[in-house]
Amino acid sequence: MTCEETRILVHALVDGELDAGHARETEAHLASCPDCAAQLRDYRVMRQALSAPALRHQAPAALRARIEGALPARRAVAPSRRSLFKGLAMGSVLSGALAASLVVFVMRQEEDQRILGDVVSAHLRSLQGDHLIDVQSTDQHTVKPWFNGRLDVAPPVIDLAAQGFTLIGGRVDYVDARPVAAIVYKRRAHVINLFVAQLMGPERRATIEQVQGFNIWRWTHSDLGFWAVSDINAGELQEFGEKFEAAVRSGA
Amino acid sequence: MAARVEHDDADKARRFRDAALPHLDDVYTLARYLMRSAADADDAVQECYLRAFRHFDGLRGQAAKPWLMAILRNVCRAEFARRSGAAADVADAAEDAAPLWQEPASSPEAAILRQRDSETVHALVAALPEPFREAIVLRDINDLSYREIAEVVGAPIGTVMSRLGRARSLLREAWLKSEHEPQYEERST
Chain A
1 MTCEETRILV HALVDGELDA GHARETEAHL ASCPDCAAQL RDYRVMRQAL SAPALRHQAP
61 AALRARIEGA LPARRAVAPS RRSLFKGLAM GSVLSGALAA SLVVFVMRQE EDQRILGDVV
121 SAHLRSLQGD HLIDVQSTDQ HTVKPWFNGR LDVAPPVIDL AAQGFTLIGG RVDYVDARPV
181 AAIVYKRRAH VINLFVAQLM GPERRATIEQ VQGFNIWRWT HSDLGFWAVS DINAGELQEF
241 GEKFEAAVRS GA
Chain B
1 MAARVEHDDA DKARRFRDAA LPHLDDVYTL ARYLMRSAAD ADDAVQECYL RAFRHFDGLR
61 GQAAKPWLMA ILRNVCRAEF ARRSGAAADV ADAAEDAAPL WQEPASSPEA AILRQRDSET
121 VHALVAALPE PFREAIVLRD INDLSYREIA EVVGAPIGTV MSRLGRARSL LREAWLKSEH
181 EPQYEERST
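Each protein sequence line maps, in turn, to chains A and B.
Note that the first sequence covers residues 1 to 252 in the numbering used here.
Note that the second sequence covers residues 1 to 189 in the numbering used here.
Hint data in this document are derived by calculation from the structure and do not stem from the laboratory.
One thing to keep in mind: the hints can contain errors.
What the hints assert, rightly or not - Calculated lysine-lysine pairs in the DSS-like style (CA-CA distance at most 30 Å, straight line):
hint, chain 1, residue 1, chain 2, residue 2
1, A, Lys243, A, Lys186
2, B, Lys12, A, Lys144
3, A, Lys186, A, Lys144
4, A, Lys144, B, Lys65
5, B, Lys65, B, Lys12
6, A, Lys144, A, Lys243
The task is simple: from the sequences and hints, build the whole structure.
As structure tokens, then:
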């Protein structure tokens, strides 16, 4: 093989795009030609430098939200064909509650309140149809990796079975026009949706909120925001949040 | 009837989100290198996703990432064409004038690159002319395969290899040159 041929094929070699036969020939030439070998070394240095995360850009949250917001009917996303039909056929109380909640939340200007509203809407949607969980597992090591590549955050998933909260799975949901992680637990017959999203606002102390009769225990940790929503009483929900937070801090 | 139409829309939006949004950072990264400014990149990416959603039904079994990047590239090229006549054609002509195997006589053969900090590398890449800049960004920063790059730029794989070879040769020259200029600093973009 000549230097000229090698100058072309060395890139495919660096990129792992060369078939075995050409790779052997190219490597044989590189072993006997210091000039070409120097280029190969340089291209490897360059490739390593170019793979640094600092050379990639992260899309601004505002851009992501604008794109999300331009898509039709984001709030109608969760119900599946079946649950939509069921909702229409039964004229269910939940559908009414959902519609009412949407009106209320569109009217409220305060972002904070809107997010709390979205969180309750998402909780209601999850109970309505057959879309409570996309990944069904009581194993945190199954649920946590499922979120990889589906979200721009890696939510902590904690096994709280010993504390009386059973992990049943997870799904991707939408809050404030952004995809968020929803980790689903059960306490007796009650569902707890724990929503986890990248924190947009300031960090804040944990607080309990009530929206439409649902309790929301909300807190922040490092750059993540957490909203636990359920119809269990406020004390139990707070206990859930504190156990979860404690486990995250202790690195469980 | 109306509910059905709405539902189909919502279903399409949901499938689009799942397919397209995970690649937003990659598409945005490419836009930043193609457009060179954050504001222009924002606009281009938003337009790209609008177009992509409109033509989403045309994406059948294809990988979403190169498809989105091809749309983004068209958006960027259209914008440059709008701004200044036939700039894109000029860039492509420059490539033909300098075939890969004609290394400049001054090209340092045995000098070895030093590792540089990311800011410097970013500036060196940003200074490359098109279509070499996009070749390097698609391959080395966005991590696309040759086949995917060929799909994005709408050229045969041989052309992709030739551009990439030329692009790395240019980058290496600029890199070595910057090593002899200790004052070299990133220009703010």
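Is it true that the CA of A:Lys186 sits at most 30 Å from the CA of A:Lys144?
-> Holds, at roughly 17 Å.
Within 30 Å, alpha carbon to alpha carbon, are A:Lys243 and A:Lys186?
-> Given that 30 Å is the threshold and the Cα spacing comes to 14 Å, the pair holds.
Are the Cα positions of B:Lys65 and B:Lys12 separated by 30 Å at most?
-> OK: B:Lys65 and B:Lys12 at ~18 Å, within 30 Å.
Under the criterion that the straight-line Cα-Cα distance not exceed 30 Å, is the pair B:Lys12, A:Lys144 satisfied?
-> holds (27 Å)
Given pair status - B:Lys65, A:Lys144, alpha carbons within 30 Å | Holds, because 24 Å separates the two Cα atoms, which is no more than 30 Å.
Pairwise hint evaluation, A:Lys243 against A:Lys144, where the allowed Cα distance is 30 Å at most | Roughly 18 Å between the alpha carbons, so the hint for A:Lys144 and A:Lys243 holds.
Violated hints for the displayed structure: none, as all numbered hints are satisfied.
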